[in-house]
Amino acid sequence: MREQLICKNVTLGYEGSSVAEGLDFTISAGDYLCILGENGSGKSTLVKALLGLLPAMSGEIIRDEETALNGVGYLPQQTIIQRDFPASVREIVRSGCLARSGLRPFYNKQEKALAEANMHRLGIADLADRCYRDLSGGQQQRVLLARALCATGKILLLDEPVTGLDPRAQADLYELVYSLNRSGITIIMVSHDVSAVRYASHILHIGSHSQLFYGTRDEYLSSRLGQSFIITDTGGAGLPEIEEEAPEKEQPESGLSAKKKAAIAAGAGLIAAGTGAAIRHYVKRGERNV
Amino acid sequence: MFDKLAYYFSFPLVRYALIVGLLVALCSSLLGVTLVLKRFSFIGDGLSHVAFGAMSVATVVDVTIKQAASGDNAVARWITDMIEKTNSMVIVMPITIIAAILLLRTGQNTKIKGDAALAMISVGALAVGYMLINIFSASANVAGDVCSTLFGSTSILTLSLSEVWLSVGLAVVVIAIFLIFYKQIFAVTFDESFAKATGVRANAYNLLIAVVTSMIVVLAMNLVGSLLISALIIFPALSAMRLFKSFRSVTICSAVISVFCAGTGLIASLLFSTPVGATIVSADMIVFFVFVILSKCLRRG
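For the protein sequence lines, the chains are A and Z, in the order given. Be aware that the first sequence starts at 1, since it is given in my numbering, and climbs by one per residue. Be aware that the second sequence starts at 1, since it is given in my numbering, and climbs by one per residue.
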């Protein structure tokens, strides 16, 4: 495995006060790292550091040559501006080529071709002339993913990509990102959504001021922290999750112990119960509003 | 009617007015889309008030230097000459650009939030400007001076040749900057955080946008006066956004609308002797409502 990005005992913060400490992890080519953490745990600070916008206060962030040169493809959280932005899908995807075209005015043929190729790859070629604001949330995320792929084809960093999407679109997006991962693109996904864990190969869980967990997904699921996160998060937040399939479906090597299976089953049961309650709540509220 | 127009256009001042008017309209519409979408449209408004304040500062400087030097000092004469030749732009332009930079710097992460800071600066500049003109002005018609800076009235029809060349030069610079940095402006407008992540210096481009905006404001003061400038910037962009679906088509359409409205407004103001700025802005408003109705009809049909 070739390492693309290594964090060695990194401390991050602003103007002398640290936000996250002791970050220690490695991202290798082809990994799918899911970064979990509650609000205020320094996730967005870590995102800035991984993008190279914020230097480490102490410790080291090492990038391999290619990553240092091309940077990380970034899927930011949506902003209010974008909601009524009059731009065609093609224009937005092309803007991903901005860094490689430098100061030259307008894009050249090569860059335009790259944009077309990435639109095909994400299945939005037929939307190329549509207006971004008229698309559904899931389609908009595909557009932004295509743009990120124009910036770099090696590492993608997704910041809370499923926020505001309906359950169907969430599942689609997770599948899409997973298929990109299988085609060799390293994925870093920041999330507070438990269903993100399902596809990940590695988990990094950060709490306020410290790193709580870093390891493979299976280790995380069997750790006490992992179980408590998965259970409390769904039950408490009451988000309409979809988890019809059991989590172990994506694992070809089913070397799980009975204990783990039981834990997963318990987790899934709780998730299902939580989802049911949430949906009922949601529907009731909808009826009242109507 | 055409005879009357032909008669008017035999005067070079009217021809200058048309040339400068159309160029100013073109410039102001280019950045309109960006300013509206970035929620910067209020900056254009605030800057125009600052420009009014700067204009009165320029008048005061002009008057006091003249009085102090009593006409025999070469440096003083050179300075007053510069101020008069460029229609005070030598003083107004730097002040407005500095105000734009300050507004942008204070707009992010400060105790006084962007809109409050803007309100402070714009109203303050307006008050100080009016006071200065009242105290120091040598002219007998203070109200007329104020009115012509605020609403433009006929200043577009009294441009000297040097002012025309200055305006044309500035307009060319604005258009060139827009074309050269078109894709950066798009990227920074659409998604600043992505632009930053791919190594684009988004803050630098924000600054560029603010500086170009202040150039446009100073340019447009001659045409519509400082109070109506934001109308010139915003209306064409808003109209175009009703109908068109891509950034490029919206930009082109708003440029066409703006030039068309400036042309018809200018000619109408000549024919019916109405104030130039107000007529142009009225034309912009009419086009806006036409576009609103059109977009409603198209959506239904």
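Among the clues, some could well be false.
[To be verified] Here are a few chain Z residues that face chain A, going by a calculated C-beta distance under 8 Å:
hint: 1; residue: Lys38
hint: 2; residue: Ser41
hint: 3; residue: Leu179
hint: 4; residue: Ala187
hint: 5; residue: Asn203
hint: 6; residue: Ala204
[As the list claims (entries may be wrong)] Pairs of lysine-lysine, DSBU-like flavour, derived with a Cα cap of 30 Å:
hint: 7; chain 1: A; residue 1: Lys109; chain 2: A; residue 2: Lys8
hint: 8; chain 1: A; residue 1: Lys8; chain 2: Z; residue 2: Lys196
hint: 9; chain 1: Z; residue 1: Lys296; chain 2: A; residue 2: Lys48
hint: 10; chain 1: Z; residue 1: Lys296; chain 2: A; residue 2: Lys109
hint: 11; chain 1: Z; residue 1: Lys245; chain 2: A; residue 2: Lys112
hint: 12; chain 1: A; residue 1: Lys109; chain 2: A; residue 2: Lys154
hint: 13; chain 1: Z; residue 1: Lys66; chain 2: A; residue 2: Lys48
hint: 14; chain 1: A; residue 1: Lys154; chain 2: A; residue 2: Lys112
hint: 15; chain 1: Z; residue 1: Lys245; chain 2: Z; residue 2: Lys196
hint: 16; chain 1: A; residue 1: Lys112; chain 2: A; residue 2: Lys8
hint: 17; chain 1: Z; residue 1: Lys296; chain 2: Z; residue 2: Lys4
hint: 18; chain 1: Z; residue 1: Lys196; chain 2: A; residue 2: Lys154
hint: 19; chain 1: A; residue 1: Lys8; chain 2: A; residue 2: Lys154
hint: 20; chain 1: Z; residue 1: Lys38; chain 2: A; residue 2: Lys112
hint: 21; chain 1: A; residue 1: Lys112; chain 2: Z; residue 2: Lys196
hint: 22; chain 1: A; residue 1: Lys48; chain 2: A; residue 2: Lys8
hint: 23; chain 1: A; residue 1: Lys48; chain 2: Z; residue 2: Lys196
hint: 24; chain 1: Z; residue 1: Lys296; chain 2: Z; residue 2: Lys38
hint: 25; chain 1: Z; residue 1: Lys296; chain 2: Z; residue 2: Lys245
hint: 26; chain 1: Z; residue 1: Lys196; chain 2: Z; residue 2: Lys38
If you are wondering where the hints come from, they were derived from the structure by calculation, not from laboratory data. We treat Cβ as the ideally placed atom computed from N, Cα and C, and that holds for glycine.
Here is what the structure says about each hint:
1. Lys38: At 7 Å from the nearest chain A Cβ, Z/Lys38 passes the 8 Å test, so the hint holds.
2. Ser41: 13 Å, violated
3. Leu179: 6 Å, holds
4. Ala187: OK, holds: Z/Ala187 within 8 Å of chain A, min 5 Å.
5. Asn203: 11 Å, violated
6. Ala204: 12 Å, violated
7. A/Lys109 / A/Lys8: Not satisfied, since the Cα-Cα distance of roughly 41 Å exceeds 30 Å.
8. A/Lys8 / Z/Lys196: Given that 30 Å is the threshold and the Cα spacing comes to 24 Å, the pair holds.
9. Z/Lys296 / A/Lys48: 43 Å, violated
10. Z/Lys296 / A/Lys109: Not satisfied, since the Cα-Cα distance of roughly 37 Å exceeds 30 Å.
11. Z/Lys245 / A/Lys112: 19 Å, holds
12. A/Lys109 / A/Lys154: Holds, at about 22 Å.
13. Z/Lys66 / A/Lys48: Status violated; Cα separation ~56 Å.
14. A/Lys154 / A/Lys112: 19 Å, holds
15. Z/Lys245 / Z/Lys196: Given that 30 Å is the threshold and the Cα spacing comes to 25 Å, the pair holds.
16. A/Lys112 / A/Lys8: Violated, because 38 Å separates the two Cα atoms, which is more than 30 Å.
17. Z/Lys296 / Z/Lys4: 39 Å, violated
18. Z/Lys196 / A/Lys154: Holds, because 18 Å separates the two Cα atoms, which is no more than 30 Å.
19. A/Lys8 / A/Lys154: Measuring from Cα to Cα gives roughly 21 Å; hence the hint holds.
20. Z/Lys38 / A/Lys112: 26 Å, holds
21. A/Lys112 / Z/Lys196: Answer holds: A/Lys112 to Z/Lys196 is near 21 Å, not above 30 Å.
22. A/Lys48 / A/Lys8: 16 Å, holds
23. A/Lys48 / Z/Lys196: Satisfied, since the Cα-Cα distance of roughly 10 Å is no more than 30 Å.
24. Z/Lys296 / Z/Lys38: Cα-Cα ~25 Å, so holds.
25. Z/Lys296 / Z/Lys245: Measuring from Cα to Cα gives roughly 15 Å; hence the hint holds.
26. Z/Lys196 / Z/Lys38: Roughly 16 Å between the alpha carbons, so the hint for Z/Lys196 and Z/Lys38 holds.
In terms of the numbered hints stated before, the structure departs from hints 2, 5, 6, 7, 9, 10, 13, 16, 17, listed from lowest to highest.
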